[in-house]
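Colleague: First to last, the protein sequences are chains A and B.
Heads up: the first sequence begins at 1 in our numbering, then just goes up one per residue.
Heads up: the second sequence begins at 1 in our numbering, then just goes up one per residue.
There could be a bad hint or two in this list.
[Said to hold, decoys possible] Taking lysine-lysine and the DSBU-like style, the derived pairs with C-alpha atoms no more than 35 Å apart in a straight line are:
(1) Lys189(A) - Lys262(A)
(2) Lys123(B) - Lys211(B)
(3) Lys211(B) - Lys209(A)
(4) Lys262(A) - Lys120(A)
(5) Lys262(A) - Lys132(A)
(6) Lys378(B) - Lys120(A)
(7) Lys114(A) - Lys123(B)
(8) Lys375(B) - Lys115(A)
Read the hints as simulated data drawn from the structure, not as lab findings.
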Amino acid sequence: MRILVAMSGGVDSSVVAALLKEQGHEVIGVTMKLWEGPNGEMPESGCCTASDSEDARRVASKLDIPYYVLDYTESFSKNVVDNFTQMYAQGLTPNPCVECNRSVKFDHFINQAKKLNCDKVATGHYAKIIKKNDNYELHKADYLDKDQSYVLHMLQSSDLENITFPLGEISKPEVRQIAARIGLRTAFKKDSQDICFVGKKDYRSFVEKRIDLTSPGEIFDTKGNKVGDHNGIHEFTIGQRKGLPGGYGTPRYVTKINVQNKNVTIGEKNDLLVSSFIVEELSCINDLEYKNLTIQTRYNSEDLPCEIKKLSDTEVLVQLKEPAFSVAPGQFGVIYNGTKVVCGGRISPKVLENVE
Amino acid sequence: MKNQDYLYLDHAASTPMRKSALDKYIEAESFGFANSSGGHKLSRNSKNLLEDSREIIAELFDSAPSEIIFTSGGTEADNWTIKSLFDSKQPNNNLVTSNIEHEAVLASAEWISSNGFQTKYAKSDENGFVTKDEFIKQIDDETKVASLMWGNNETGVIQPIKDISKELKSINTSTLFHSDVVQGIISDNVDFHRNGIESAAISAHKIGGPKGVGAMFVNNKFKLPSFLHGGKQELERRAGTVDVPGIAAFATALQEQQTRFDEEVGLMNDERLIFEDKLKNALSVEIIGESMKRLPHISNVQFRDINSEVLLIQLDLNGLGVSRGSACASGAQKPSHVLQAMNIDSKFINNHLRFSFGWTTQAGDGSKAADIVMKAVKEIE
């Protein structure tokens, strides 16, 4: 097969390219250039820096495969970065990696691969694709600590048909071993944890530079007593512990953000408990299912048993069997049946009480 | 795929070294490796090679040896001329250039501007041509340097250098008129004095010489301040041990290029025309600047319905190497500032490829290239 491999410069996608080449496929490596600063400068760290694309280029050269950089900056800036800042401005918690997969990467990448007569595209994500009858299903990776099915939930069966995730059954230490065996320079490279366009900087200063968020407001406790002032709601996310007025003896958390009057409420951990919420902008890989479901409300978080009720084609009501803390509007909720991804979408601020 | 099976049409970016130049390099590295500034026999060998090379190049451009200074390439010469004449004691001085210049000129202009000097840009018309009137109207009493390229590196369109240099002097006799002739010398007859060029940037690797070597022509009337400070090399104007073998190879390459000029450029022109005709007949394309006087080695093709990012890859996979605008640090390619300056419709601005012929071009290359393009276009549709 001719396979277009998305190479970020990290160890995972380097090994993907190497494995596919070893299996005898015709491999073409591509780095998607996602972001550059206003003067064309690259971020200091993350998955789209100049040094990372240089790593990818060198790995491709070592593997003796053609390598190209494709420019995705326009779409990334519009769909991911603008969305990121807007969501903070609305008191929501964005997940730019999911947003990037959802609105930038896969569609365009599969489309370009088809033009280049490639049979499939491959990435270094840890997840599995299983074909059942005529449908393609997305499953968690065998090694759950690295499972990335959460950030891939938006792929449709028709997308999965064109994708291969060669790392779905391999552990991270194995990936590093393979890289070392082949002598890839990325073998012991640190995993990137940063948001690629923010880098090591604080996301708040990134957001502040882009939109004017200086909308001072007041901080209240759950009884309605004013306990402080703040410079803008973008400085807070639901569940946040740091940077809040202290002196209570027990930790305080952001429990409510009011976008209209800019008021922020802080309370105890129990005030964060949520048992039902809406997931909107829903996308289903195959048909929606209703039995034996669990939900992840953050990347690689605990699977929470739940039931769902369909509200419309793009909305479901999620009822958790046990109330949970980790539900932040803006993040994605991904619903599983066992290891299989059923559907996913954005956790809506609508019904949740903590954003008014 | 081996290099010899690969059709290379990116000569505007770089060319392989001519055998004569490579031979000369090896010979010079053994005979003239010593520091050309030393006081012994081997240094004299080296110094002689250096001055022979300077004389050869000066003669080829009908100029005096003292007007040729060796540099690391075109970028250095552009930076040198543009940056070094501006002085904080004359804060009202300005720079005039065009909006289709090479990045070496544009970035130097931005540097000048960030140092508080006015920078004025003559605008290209929709054909990639800067008219004499448009350029001249920017010139005034305070214009210290005016810079306009001979032929554009993306479109090949030749600029009205001679017309401009004549009129420029009637407005301000002290303005230094600089021209980046890096592409020009590949396929046009460039004569500095006859065209009123007072400073020029030349690069060796575009004509079959080594990379990292170039020359700057500076009319004897002007003495540019040193750009690199240190020893007294290069007529006390450019410090640093001189790359004599590289320079000797450069002179040899240039000599061969000038001797074979009619034959080589004739072939570039023929092959380019065959290529363009074949493409026009088979595909929906437009040749940029087609109605203009162009450098014969460059063909900038606009594909009406095809984004050239993927086409470039498909051509590479089919064994044809070309380029698309200017490459950035990471290798991603952005819409070209030249095409933007020409007001190319944004619908089409990402649909361009530059095919550039050169001294290695052979009969049949134009037709072969067109066949590969047609095949690749069919494959990606």
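Colleague: Taking the hints in turn, state whether each one holds.
Modeller: Cross-check of the supplied hints:
Distance hint between lysine 189(A) and lysine 262(A) is unfulfilled; the C-alpha atoms sit about 42 Å from each other, more than 35 Å. Proposed proximity of lysine 123(B) and lysine 211(B) is supported: the alpha carbons are some 31 Å apart, at most 35 Å. Only pairs whose Cα atoms come within 35 Å are accepted, and lysine 211(B) paired with lysine 209(A) is rejected, the gap being roughly 42 Å. A hinted pair counts as satisfied when its Cα atoms are at most 35 Å apart, and lysine 262(A) with lysine 120(A) does not qualify at roughly 48 Å.
Taken as a hint, the lysine 262(A) and lysine 132(A) pair is broken in the structure, with Cα atoms around 49 Å apart against an allowance of 35 Å. With a CA separation close to 20 Å, the supplied pair lysine 378(B) and lysine 120(A) stays within the 35 Å bound. For the hint linking lysine 114(A) to lysine 123(B), the alpha-carbon distance of about 40 Å lies beyond 35 Å, and the restraint is violated. Only pairs whose Cα atoms come within 35 Å are accepted, and lysine 375(B) paired with lysine 115(A) is accepted, the gap being roughly 13 Å.
In terms of the numbered hints stated before, the structure departs from hints 1, 3, 4, 5, 7, listed from lowest to highest.
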